[in-house]
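Given chain A, put chain B in place with the hints provided.
Those protein sequence lines, which keep their order, are chains A and B.
With our numbering applied, the first sequence closes on residue 649, and no number is skipped along the way.
With our numbering applied, the second sequence closes on residue 649, and no number is skipped along the way.
One or more of the hints may lead you astray.
Chain copies aren't distinguished; within one or between two, either way the pair holds.
As the list claims (entries may be wrong) - Here are the simulated BS3-like cross-link-like pairs (lysine-lysine), alpha carbons at most 30 Å apart as the crow flies:
no., residue 1, residue 2
1, K508, K413
2, K550, K433
3, K384, K192
4, K50, K3
5, K12, K77
I should point out that these hints are in silico values taken from the structure, not numbers from a laboratory.
Please read all numbers here as calculations on a predicted model, not as lab measurements.
Listed below, chain by chain, are the residues.
2 protein chains.
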Amino acid sequence: MKVESLVTKEKREIEARSDSEKTIDPANLEMFEIARKAGVETAFDRVVKQEPKCPYCFSGLSCRNCAMGPCRITAKADRGVCGATGDVMVARGLLRNILGGAASHVDHARHVALTLLHAARGEAPYQIKDEAKLRNLGTMLGIPNAESMEVNKLAEQVAMRALEEIGATHANGGTWIKMHSTQERLETWSKLGVLPEGGMLPILEGMHRTSMGNDADPVNLILGCIKAGLADGFYGLHMSTDLQDVLFGTPKPKFSEAGMGVLEADYVNIACHGHVPILSEKIVEAAEALQEEAKKAGAKGINVVGICCTGNEILERQGIPQVGNELNSELVIATGALDAMVVDYQCIFPALVPAAQCFHTKIITTAPIVKIPGAEHIEFDEKRADEVAKEIVRRAIENYKQRDPSKVHIPKFKTELLAGFSVEALLEVLSKINSEDPLAPLVESIANGDIKGAVAIVGCNNPRVPHDLMHVELAKELVKRDILVLATGCAAHAHAKAGLMKPEGYKLAGERLQRVLKALGEAAGLEALPPVLHFGSCVDNSRINQLLKALAEKLGVAIKDLPVAASAPEYNTEKALSIGTWAVALGVTTHVNPLPRITGSEVVTNLLTKDAEQLIGAKFIHSPDPKESADMIEEVILEKRRKLGLPA
Amino acid sequence: MKVESLVTKEKREIEARSDSEKTIDPANLEMFEIARKAGVETAFDRVVKQEPKCPYCFSGLSCRNCAMGPCRITAKADRGVCGATGDVMVARGLLRNILGGAASHVDHARHVALTLLHAARGEAPYQIKDEAKLRNLGTMLGIPNAESMEVNKLAEQVAMRALEEIGATHANGGTWIKMHSTQERLETWSKLGVLPEGGMLPILEGMHRTSMGNDADPVNLILGCIKAGLADGFYGLHMSTDLQDVLFGTPKPKFSEAGMGVLEADYVNIACHGHVPILSEKIVEAAEALQEEAKKAGAKGINVVGICCTGNEILERQGIPQVGNELNSELVIATGALDAMVVDYQCIFPALVPAAQCFHTKIITTAPIVKIPGAEHIEFDEKRADEVAKEIVRRAIENYKQRDPSKVHIPKFKTELLAGFSVEALLEVLSKINSEDPLAPLVESIANGDIKGAVAIVGCNNPRVPHDLMHVELAKELVKRDILVLATGCAAHAHAKAGLMKPEGYKLAGERLQRVLKALGEAAGLEALPPVLHFGSCVDNSRINQLLKALAEKLGVAIKDLPVAASAPEYNTEKALSIGTWAVALGVTTHVNPLPRITGSEVVTNLLTKDAEQLIGAKFIHSPDPKESADMIEEVILEKRRKLGLPA
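Extracted from the complex, chain A is given alone in its bound form (with noise of 0.2 Å):
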């Protein structure tokens, strides 16, 4: 289709949808009415007012990396005034999108790096509560006497590591990547020339590649984009869940809820939004530290819940209810109820200060790259952690005073899920019905096909796509059709609002997924296993490719070749398209919706969707129609099955 149809069509789509085709989360819908008496825009209203879009920028034919321009691609102008053609233009917008996804992830490994590092030197008040994943790691990167050396002096030397992967400045075999992939990616990577020498020179180089007069052929500036793929699946979401686990455990599977309902009227409410569990381990353990000072201010009590990833953090290892995902966050304020948003960094959106200026809630910023006005801002600092901690949480039992019960409206929608799904809890589930062989009950239902496939849909909300809809819808369709899937990020939390998180949830799967799911769930003790496994945060996609590394290896063939797949149905940001490129790379055919800013360039288009099959074993697919996407996704896995001669 062209640009200008799509366009238009797209403008038509958004500007027709009634308020109940917007979101099928129950909360937001009922919200919608309240927060717009009280003047609260939300970026359901924004998305509407930026129509029609730009067909410039929509397309990707527009560049402003020099002073030359701006420049776009129009009917006169074939080239930018350096002359850059169109398809670069898209390239390199592509690849510095991919870069900024990139450099959020491997930031936040760093972040947890050096939190570990000062933990580890008694400079910051956190522990090493998963010594064995500690003890593991070092052994998979070298460090010798790992398994018996004090462990404190092991975190420092296994921090001083990761940040000097981080920090590499040319190549010399990175460890985080090789210990987590396969021996043939490994290969085909440096074929390819894509293998990242660390976690910052790939961003580097990527920003230097694209700045004007640099590279000017698409498909090596696509190569940049696998490479910076690549540096953000091994030096920002592995490691990042790495040094998480080591630091606050890894997941076991734990129930909680899902829903606006988990907010408590009677209660000091804090949510925790944003990515890293540095910050909102300590909220949490500073809300029940201080129960008493809540108590004495009138509330029953501190409750805090979860948004966005950091939400999913503090939910797989705490427990902590989830309020909603990336767009619940400004309706979560209109219900009057929150008495404190705490937010560390990423999908932060700005609009929440304006929405809280309408009501008491108090937008607390923390990182020192994430400031907004008006807001306020207390910075977050690791060795005093337990001290802003505590002054965020007082912060808000102050603020509680401030709440205007005649303003609180919390809707009623909550319900059950079970999260915590690591690898490592899934093979203990596992290794109860065969415990030499965990991982052949799972292998033998892949082959048999009463799994038919996996699939992993992650990523994010967006109001170009009805909330949440794609999410349930394409799950729902997947499941139905024997397809396990596993979640993450705000996908994870669309699943656990719509019911398909918690073990009665398997009754939406398919008969044969649904034998599976109960000789599973029946070996954990519970009536099943929900159809959709929740597996943590976005920078958890981690654990995905952990489990995919391992599948590959006990059957002895390329991750390329298993019946699996990913989807981000509803992304927005740009981690999401660097994840879906490092997914690309694993050899993971992956659906994304909405449409990427690529439809100016046929020779990206192609590269991205077709070529790339070729040259890493897997490509993009797009669709913005859950069953449609279903029937690409299915037809994806059963080639895969058919190509390994399994049935049908």
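What follows is chain B alone, placed relative to chain A:
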């Protein structure tokens, strides 16, 4: 002025320009017609085709840092979908541009450091040419026994330190910034929280903070710009210059020529274009070695000429003539006399390839991150430098046979120039006047007003601005007012072509400055020093800071109080923005033209053009007119003189 009227004004101006108003370089003017007949489209044509510019991208009021957009600020939308205001869009757009620039320079420095490392280890065919500078660097870096250590051992340690500081992942007290900065500046930067930890981290952090849902405070984002600018200045510019001087020698004054007339009809002509001398120095060597082969091919020999900054590098060290700057780069191909254009990275117009396809010229790309479809790619590897350089030169010799003599048209214009003004070389000249205290004569001239002040004119060409006009007219205006000009980059080419860099050029200076130039020139055995001193390539802007630091420390005042300023009056690249930001961070008020994409935000505009003065002691100024620019710059200088109690 409103954005819409700025856009309209620019359209009118650009469309109305006749050929003779597009450039002041007579060679370019002569080539316009020939290029057109041959079907070569140049940046001068393409800039017209880009009119009218998009007012949103022009003003910075658009954003595509996530997939909820693209967004723009319009009458109905005062925020993007995430809630980002126009101020935030402008500030983060600017920061991303500065990151592109800083990344380019840090990656350049990294490349040089790696080459030094390989050379020191005997793995690459480069030698330490300036051992004294190496030992001095080692001492400043605090390396024990730097004075006496075996030279290659020391080089290895210096290279490793450079790489470590580039890759620093947290505050570790990087030395490169400390050794090149005054105490006053280090304290100012510390207080503002903008001291970079190293070379790559500010890029990583900047990409993170500009991704959706992070920094939404324009002031904080501008501080991020300053941090990135400092990373560029010290871990990009200074480090590149330091290590290039070690490897290739510190420049000394030498005569050469500039202008398209340096091409030789009967010679194999090879143009080196790009930025890094690692390749171009080897091309110069290989051309010398292969003269006989050229003669066998029917040529009189090989003539290596320079374009852009790698041109400046081989000019300042080897005296290689300069065929032109950025906006000559396409038109020089139309001479039909260029057998190969060898490019490394940065400022390489992708349009060179279609231009070369109209002639016999081979465009040879060499960097893994710079490929252009249709160009010949011969990958450079510093470990095989001699071999690759010879391969490239042989390709040019071979291609000489394809030259069509009927298509050869070389404009006659060329001008003598004096280049090679490192600080070390300047001090050597000065020491002939006062050997005890070489800076004394300079300081005295500044104090008594014979030198009213000094201005660095730097940066690119930009076809939105008449080619070379601002560089040359601004310089003429300034020297006439007894203000000494130092020039680098494409600005320096412009000055050279206009005769401002030859000794007779001193006559263009005001009377008092003339006296100084004659006195200094006589000390150096010349008629006079030119009124515009060639200080090298863009990375050699470091040399200007080196001089400022020496002057400030000599005078016991802060750099921000010196009667100096800077100007990038025809800038186009992101690098120019990051260098400009670094200059302002040093305390040097900096004139820029054309207008950066900040006009959409009063907050950002005020910050950069007003409040910065309070924050950091300098600010940005803008004017598109050379006379008005000179007035503004002179006023800055006079104000500094008044504050220092010096006579106007």
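To see whether the hints hold, each was checked on the structure:
no.: 1; hint: K508 / K413; in the structure: within (24 Å within a copy, 85 Å between copies)
no.: 2; hint: K550 / K433; in the structure: within (21 Å within a copy, 71 Å between copies)
no.: 3; hint: K384 / K192; in the structure: between (43 Å within a copy, 20 Å between copies)
no.: 4; hint: K50 / K3; in the structure: both (23 Å within a copy, 22 Å between copies)
no.: 5; hint: K12 / K77; in the structure: both (26 Å within a copy, 15 Å between copies)
Hint violations for this structure: none, all hints satisfied.
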